[in-house]
Each structure stands twice: as C-alpha cells, then as structure tokens.
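Novice: Quick note, the sequences are listed as chains A and B, same order.
Numbers given in the numbering used here equal positions in the first sequence, counted from 1, plus 203.
Numbers given in the numbering used here equal positions in the second sequence, counted from 1, plus 4.
Hints are computed from structural coordinates only; laboratory data are not their basis.
Do not take every clue at face value.
Calculated lysine-lysine pairs in the DSSO-like style (CA-CA distance at most 30 Å, straight line) [stated by the list, open to error]: (1) LYS235/B with LYS309/A; (2) LYS379/A with LYS309/A; (3) LYS309/A with LYS277/A; (4) LYS379/A with LYS235/B; (5) LYS277/A with LYS227/A.
Computed list of chain B residues with no C-beta within reach of chain A, every gap over 10 Å [to be verified]: (6) VAL30; (7) ALA46; (8) MET70; (9) ASP99; (10) TYR102; (11) VAL151; (12) ALA173; (13) LYS202; (14) ILE216; (15) ALA221.
Note that CB positions come from ideal geometry on N, CA and C, so glycine has one too.
These are the residues of each chain, in order.
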Amino acid sequence: MRDLAPFCPDGLHVSNLRIARDGKVLLDVPDLALEGPGPTMILGPNGAGKSLLLRCLHGLIQPDAGCIQINGRKLSPEDRTQQAMVFQRPVLLRRSVSANLDFVLKRMGLGRVARRDRIAELLVEGGLQGQARQAARSLSGGEAQRLAILRALACGPGTLFLDEPTSALDPAATQKIETMVLRASARGVRIVMVTHDIGQARRLASDIVVMQGGHVVEHGQAQHVLDAPQSPETRRYLAGGLVT
Amino acid sequence: MRSFAEEFSFALTLIFQGDAELWAIVLLSLQVSIFAALIAAALGMPIGAALAVARFPGRRALIVLMNALMGFPPVVVGLLVYLMLSRSGPLGVLDLLYTPMAMIIAQVVLVTPIIAALTRQVVETLAEEYAEQLRSLGVSRLASVPVLLWDARLALITAFLAGFGRAIAEVGAVIIVGGNINHVTRVMTTTIALETSKGNLALALALGTILIAIAVAVNAMVSTLTLRAEKEGLRHA
Ligand SMILES: Nc1ncnc2c1ncn2[C@@H]1O[C@H](COP(=O)(O)OP(=O)(O)OP(=O)(O)O)[C@@H](O)[C@H]1O
Ligand SMILES: [Mg+2]
Numbered sequence: 204m205r206d207l208a209p210f211c212p213d214g215l216h217v218s219n220l221r222i223a224r225d226g227k228v229l230l231d232v233p234d235l236a237l238e239g240p241g242p243t244m245i246l247g248p249n250g251a252g253k254s255l256l257l258r259c260l261h262g263l264i265q266p267d268a269g270c271i272q273i274n275g276r277k278l279s280p281e282d283r284t285q286q287a288m289v290f291q292r293p294v295l296l297r298r299s300v301s302a303n304l305d306f307v308l309k310r311m312g313l314g315r316v317a318r319r320d321r322i323a324e325l326l327v328e329g330g331l332q333g334q335a336r337q338a339a340r341s342l343s344g345g346e347a348q349r350l351a352i353l354r355a356l357a358c359g360p361g362t363l364f365l366d367e368p369t370s371a372l373d374p375a376a377t378q379k380i381e382t383m384v385l386r387a388s389a390r391g392v393r394i395v396m397v398t399h400d401i402g403q404a405r406r407l408a409s410d411i412v413v414m415q416g417g418h419v420v421e422h423g424q425a426q427h428v429l430d431a432p433q434s435p436e437t438r439r440y441l442a443g444g445l446v447t
Numbered sequence: 005m006r007s008f009a010e011e012f013s014f015a016l017t018l019i020f021q022g023d024a025e026l027w028a029i030v031l032l033s034l035q036v037s038i039f040a041a042l043i044a045a046a047l048g049m050p051i052g053a054a055l056a057v058a059r060f061p062g063r064r065a066l067i068v069l070m071n072a073l074m075g076f077p078p079v080v081v082g083l084l085v086y087l088m089l090s091r092s093g094p095l096g097v098l099d100l101l102y103t104p105m106a107m108i109i110a111q112v113v114l115v116t117p118i119i120a121a122l123t124r125q126v127v128e129t130l131a132e133e134y135a136e137q138l139r140s141l142g143v144s145r146l147a148s149v150p151v152l153l154w155d156a157r158l159a160l161i162t163a164f165l166a167g168f169g170r171a172i173a174e175v176g177a178v179i180i181v182g183g184n185i186n187h188v189t190r191v192m193t194t195t196i197a198l199e200t201s202k203g204n205l206a207l208a209l210a211l212g213t214i215l216i217a218i219a220v221a222v223n224a225m226v227s228t229l230t231l232r233a234e235k236e237g238l239r240h241a
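Hey, can you work out the whole structure from these sequences and the hints?
Specialist: Structure, rendered in structure tokens:
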C-alpha cells in the first residue's frame, strides 16, 4: 500500500484512526503517512470519508480512536494556526472581498499598511482586483472559491487542506486555482487536496490517496496509482465504474 | 358634530401648520421610544448573542422564557412596572411614576425580550454556518461573538427597528405608568385614546396619521434591509 520514501518524522502521520456514528464506521485508517514534498491528492467516491479525513487532519473533529501526528508530535489545537482549510462549501464572511482577507491578516497581527499591501497582492494573485469592494457573498461560485483560497493562503499556512476546490468551476477558473496551488506548493506549503477530477490529480499530485467506505484502499506515487493501480477498488474507480 | 371629512381636514391643518401641542406630543413619543429601543438593544443584543453562543444548563429554558416574554400582554407589563415604581414598591423612592422615565422603563421591559429573541435567532443561525470556518481560522467561541454580531448587522438593525415599532405603537403599558399628563407624559397613543373618548377627533386623527406614517416608514426600512440581506446572501444561502 505504501511505496513512498522510508519513514521520516516530517509530515502528517495517521495511526489507527477511527470514527463511527450510530454503529456505522465512517473512517477507519490504520496507517497513513503524508510525507512527500509535493501535493497529496485524495480521490474516492461520494461518501468515502474524504472530507471527514481532512477535518480530522485539521483537528476540527476529535476521532473516536487513533492519533494524528505532525512532524513527529501529536496534533494539538495550536497546530491549527499553522494550517488552513478551504471547505467543500466555502463560508465567506458577510463583508466585502477585501474585508474577508483583512479579517485573517488582522488576526495575524499585521499593521494597517502591511495589511493593505498584502490584500492588494492577494487580490492580484486571485484575479479579484476588480471585486475588492464587492460583497463577498455576491461573488460568483468561482470567484467565491478563489477568495476562499486566497483567505486560506493569507494565513501563511504550513499546510493547506483543500476540499474539492474546483468541483464547480469552469476550465479557466480551474486552471487559475491549479496554478495557485502549484505556486503555493513550490513555496513549500504542504498541500492536501480532495478532488474528483482524475486529470487534475494527474496534473497536480505527487502522491495519491484513494479512499472508499471510510478506508484508504491505496496510497502511492501519483503515476503508480493512476497507471498501475494495485487495488481492485482503485481500478474500478479509475475505470469510472460504480463503486459501492 | 362635524363630519369625518371636516375632522380630517382639520387634522391635516394641525399637522401642516405645525400645531405646537401636536408636535410636542410627537417629539416626546419619539424621544421616549427611541431611547427605550436603544436601551433594550443594549440589553437584548448581548443577552441574545450569549444565548446563541454559550452552552450552559438551563439555556433551552431561558430561550423558551424569552420567547414567552415576547408575547406578554403590555397592560400586564404596565401593571408590573407600576407596582415596582409606586410609592410602596421596591423602586418607589426614585419617584419615577408618571414621568417619561417610567414610560421608558415600561417600553424597555416590553421590547428587550423581542430584541433578545430576534438576536438569538439570527446569531445562532449564523454561528452554525460559521462554526467550522471560524474554528479553522483559530477564532475562539468568545472571540466569535463580535464577528457574528457584526456580520448579522443588517438583521440586528431590523431587530432594533422592530423593537422601536412595537414601543411607539404601544398604549396599554405607558398609559398605566405615564398617566397621560398634559405636557409631561402625553405620547401619541395615549393621547389618541384620551382625545377620542373626549370627542376631540381632529387631534386624535392627526396623531393617528403621523403614527401610521412612522409605522409605514419603519416597516419600509425593515423590508429594504431584509431584501438587502437576502440579496447579499443569495448565492450561498
Ligand atoms: N456528523 C456525521 N454524522 C453521521 N454521518 C456522517 C457525519 N459526517 C459525515 N457522515 C457520513 O460519513 C460519510 C463520509 O462523509 P464525507 O463528507 O467525508 O464524504 P466525502 O468522501 O467527502 O464525499 P463527497 O465526495 O460527496 O464530498 C458519509 O456517508 C456521511 O454521510
Ligand atoms: Mg466531501
């Protein structure tokens, strides 16, 4: 199941993670190590537990059992300040586009001038210069998604979790976001991203996690997983067959 | 006995020729109710926000109680405030009965539960929507309160206006604690009641017209704000 570099303490390590609700096992991951440098992409059918796993890694959900380690230490609430997450359904504050960015920059303790400059930079990066003063909640789906990503990047995270950030976007917007993700990754931000777009996984991923029914059914280098999948579930998923 | 048309034209004359007595009553009404709504907002909004965000035993019961207070009969509120302020009451020493302050207190008691209940509802809905995102951004439960209040600002202004509308249209409570004393505690609603019974229909009609204008204006503001809030929330509702 793992054909990555040998264990090194750097990265995210999951052991014996378990979440059950109403007698149903939602997540059961005995062992998962995300230590590669490049983006990790998580694939899998609806309800596989991808979003749940991201929430656990971000410390938003306390698992019933198991432990998550970051760089060799147990994940603590303080680690969340080094992480950022873009949710499957992004939640924007009922404020202007730039006020949404200002909110996180202010929390980081930046002064007025520094914030103003940083906001201008971020807006250019996300192609939202023209919408700075628009109400964030009146943005189009793609614009809202880009703002959510910009806001996450503004936190200056060491790790960025992205939950299907391009699922509702047109090809141009998707490409813009992929560029932003690659740029962040090149800057050293650890990226963990959920997607249903196999082409996107091929374009971005250094390693791929395939999930199904709360289990990790395959984890390996992107090319291996996509071109020579080991598990029957992955083969069926990639072939576009119904996986139940 | 004058005809209705005559009474009404006389009423309009009172309004547009700036009848001093009429406008003094209108001014006092506005002062009392705006002041009462402001105090009620200062009390009700933090209470509502706390009930929305904090988790403690008895919270549900408090919410039910608050919603019940919203429908409290104004006359009974007037009676209770009267008992508090009367000579032998616990606040009797303040000698507030039959003053504008007594009317403000009665309206605050009436309006605070309304503003608190509306605030609780709005902030709780928003808190649920924001919960994970704010936690992800490292905002604590306590620190989330100002964020939620600010982002609910349109709805909170609406709650304030609703409270003001209720206060200024109310008659039962203020007539008991205010007494409708000429030049001291005569507000629009109590004057309308009194002057109608005395047969002075022109003054009553004039005040009624202004009261309706105020109610319509408040409701227009509420709808405008609601529309705006909906429009801003449209895409991600
Ligand atoms: N709080 C909860 N209580 C009960 N069941 C839950 C809860 N949260 C998630 N689930 C269930 O856990 C399963 C995994 O959910 P999750 O959101 O992780 O799926 P996903 O892989 O992200 O799917 P999608 O591709 O549709 O986003 C689903 O069947 C979901 O119904
Ligand atoms: Mg999901």
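Novice: Please go over all the hints and tell whether each is borne out by the structure.
Specialist: The hints, checked one at a time:
1. LYS235/B with LYS309/A: holds (27 Å)
2. LYS379/A with LYS309/A: holds (26 Å)
3. LYS309/A with LYS277/A: holds (28 Å)
4. LYS379/A with LYS235/B: holds (27 Å)
5. LYS277/A with LYS227/A: Distance ~26 Å between LYS277/A and LYS227/A Cα, so the pair holds.
6. VAL30: holds (36 Å)
7. ALA46: Answer for ALA46/B: holds, closest chain A Cβ roughly 23 Å.
8. MET70: holds (25 Å)
9. ASP99: About 46 Å separates ASP99/B from the closest Cβ of chain A, which puts it past 10 Å; holds.
10. TYR102: It holds; TYR102/B is separated from chain A by about 45 Å at its closest Cβ, greater than 10 Å.
11. VAL151: Its Cβ does come within 10 Å of chain A, the nearest being 7 Å, so this is violated.
12. ALA173: Holds, because the least Cβ-Cβ distance between ALA173/B and chain A comes to about 30 Å, which exceeds 10 Å.
13. LYS202: holds (51 Å)
14. ILE216: Holds, since 33 Å exceeds 10 Å.
15. ALA221: holds (25 Å)
When each numbered hint is compared with the structure, a violation occurs for hint 11 only.
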